[in-house]
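A.B. asks: Protein chains in written order, with the UniProt record's numbering: chain V, 1 to 341; chain G, 1 to 270.
Distance windows between CB atoms, simulated: (1) V/114 <-> G/63: 53 to 61 Å; (2) G/63 <-> V/168: 19 to 27 Å; (3) G/63 <-> V/317: 54 to 62 Å; (4) V/301 <-> G/116: 53 to 61 Å; (5) G/171 <-> V/335: 38 to 46 Å; (6) G/58 <-> V/317: 46 to 54 Å; (7) G/133 <-> V/312: 29 to 37 Å; (8) G/41 <-> V/317: 39 to 47 Å; (9) V/120 <-> G/145: 51 to 59 Å; (10) V/168 <-> G/224: 25 to 33 Å; (11) G/116 <-> V/253: 50 to 58 Å; (12) G/145 <-> V/137: 48 to 56 Å.
Covered stretches of chain V, as calculated for chain G (at least 3 residues, CB under 8 Å): (13) 151-162; (14) 167-181.
Everything labelled a hint here was simulated from the structure, so no lab data went into it. Each residue gets a CB set at the ideal place from its N, CA and C atoms; glycine is no exception.
Given next are the chains, with one letter for each unit.
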Amino acid sequence: MTPPMSDFLDLLGLPFMQRAMIAAVFTGLAAPAVGTYLVQRRQALMGDGIGHVAVTGVALGLLTHTSPTWTAVLVAVAGAILIEIIRERGHTNGDVALALLFYGGLAGGVLLTGLANDSGARLQTYLFGSIVSIAISDVIVTMVLAAVVVLICIGLAPQLFAVAQDQEFAQVAGLNIRLYNLMVAVLAAVSVTVAMRTVGLLLVSALMVVPVATAQQVTRSFRTTLGAAMVLGTVASLGGLLISAYTSTAFDARVTPGPTIVLLALAGFALAWPVGIWLRSQRRLQTPFPVVPAVPHEVADEHAHEHGSDCGHVAVPHGDHVDYVHDGHRHAVHGKHYDEH
Amino acid sequence: MSATPPVIELRDGAVAIAGRPIVRHVDLAVSSGEFVALMGANGSGKSTLVRALTGLRPLATGSLRLFDTPLDSFHDWQRIGFVPQRGGAASGVPASVWEVVASGRLTRRRLLRPLGRADRAAIDDALEVVGLADRAKVGVSTLSGGQQQRVLIARALAGEPELFFLDEPTAGVDLPNQQALADALGTLSDRGATVVLVAHELGPMAPLIDRAVVMRDGRVAYDGPPLTSEQVATAHLDLHTHDHGHHHRDHEQHHHDHAPHVSSLLDGDR
Ligand SMILES: Nc1ncnc2c1ncn2[C@@H]1O[C@H](COP(=O)(O)OP(=O)(O)OP(=O)(O)O)[C@@H](O)[C@H]1O
Ligand SMILES: [Mg+2]
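Next comes chain V alone, as it looks inside the complex (with noise of 0.2 Å):
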């Protein structure tokens, strides 16, 4: 087993690996960060749609020989900021805003694409990541970008949180509803491209709203929720990379980078969706009582079982003292007996 665990750490000092790994540190983290907010204003959608739409950039790119990372950019920031203006005017819902310009993005990337003959196969790095393809000057965008992306969500959290929590109390409260809107668009539509040479573009979704889903499974607050995906975000991305990498070396196999991040991130949240039941279902039950006067003093019927603090049954405070529930009854003790409260 040494020989493929040696060829593993010689290709992490490969600069293209380097290059990988910082890309995916990066896009990591601003992915869920932009995902926190639309997964808040139910639009965790959003991204796919936005994705669709740069597939269309990409191929303009292509075919006009100019870069189709900024090509992509232009369109996707279009895109979002169309779909900003549909959902706004309320003509359509805003779900079938997202859906024309799903369709109208991918058949107009693909009609592109086979104007320019050649370039199929390049589409399809656009389409599925292409993480360890990616150039230097790649990198350094993705890092300025997602930096930017990341100090915006953060920064103005406070004001994002609160248009996206009740839009028209925040309007009430002086804020510019439209401006902030349209930056979660934008936000949105950047980090799009930013994921795009890593998950590509059919798949930069899943690091939008995975996280995000693994996250809320087992947080109560949205700062925690929004720190937690960010985490996740960037462990799914660079082990996802990682994973593949090694597997790529060890078994001689080609995997591909995109959708181990992908399956790794879905991987986290199969893991947390039963941790968070559980933990929600314990918070439930071990909330105080509420402490409320008067109910009439009423002694349980006589059992023989004696509580304790690890008698099995769950002890919930309740005021100066505890209940314990037991059978879908409060038992609290009274003397010598319990009492039902």
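Take the given structure of chain V and dock chain G with the ligands to it, following the hints.
C.D. replies: Then chain G with the ligands, alone, in the frame of chain V:
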């Protein structure tokens, strides 16, 4: 009283939704420190009027001044607090009670500045008032409907506004907590805050009310001393509005013989 200009001054205000006139011919002046109850049947336009007064809905005609400033050039939003009707406090991502209430401080926070000591104190006070201090860390989506309503009230309280719009804040809130809210509003009112409260049942708020305005089909049907909920249902029949003296009943009856005429109380102006 007449020395200071009104806090709210709406002249001949009309609001149209999708081209259909909803609120028409509303003149409303609320002076500083007044506690006004806005009442009327479902669909009579109370929420629409409040949304126009907060700038959420544009006026089709008429002019609105807040704190003696035309709405278009009004920027002192920290002076205004708003509790929307039946908002629900949950969204797609977990948010704690504390975080939602903290967003009420946004009016007073500058961009990119962390919460200061005064901000935290105001948030804690607001939570205390609505009786949710011990639930601050809990996710809002796990609270009951009435508790979520209290979170929204706390959010508005946290901004320490001078002018309060509350759209049915106590719908679904139990009596002890209505009393707690009434006490809080009473304190604010004593400190000089102006309150516009939309309510069907005044409950514990009743002693605080200085003036009742009753809406009926988008128009002000009564504007005067406080009424009970029973009186509200028939308020339009008396029509002793202070500044709508021309809508007298005998005046209408006089026109009833002329078949094509539509009662002025019901027709829109265009
Ligand atoms: N978004 C909307 N689109 C179309 N019509 C609306 C809209 N909002 C309100 N309306 C109409 O405006 C009228 C007044 O509604 P409004 O919500 O102001 O009533 P309200 O007095 O607040 O009633 P409630 O006591 O039920 O809260 C109603 O006839 C309603 O149908
Ligand atoms: Mg209403």
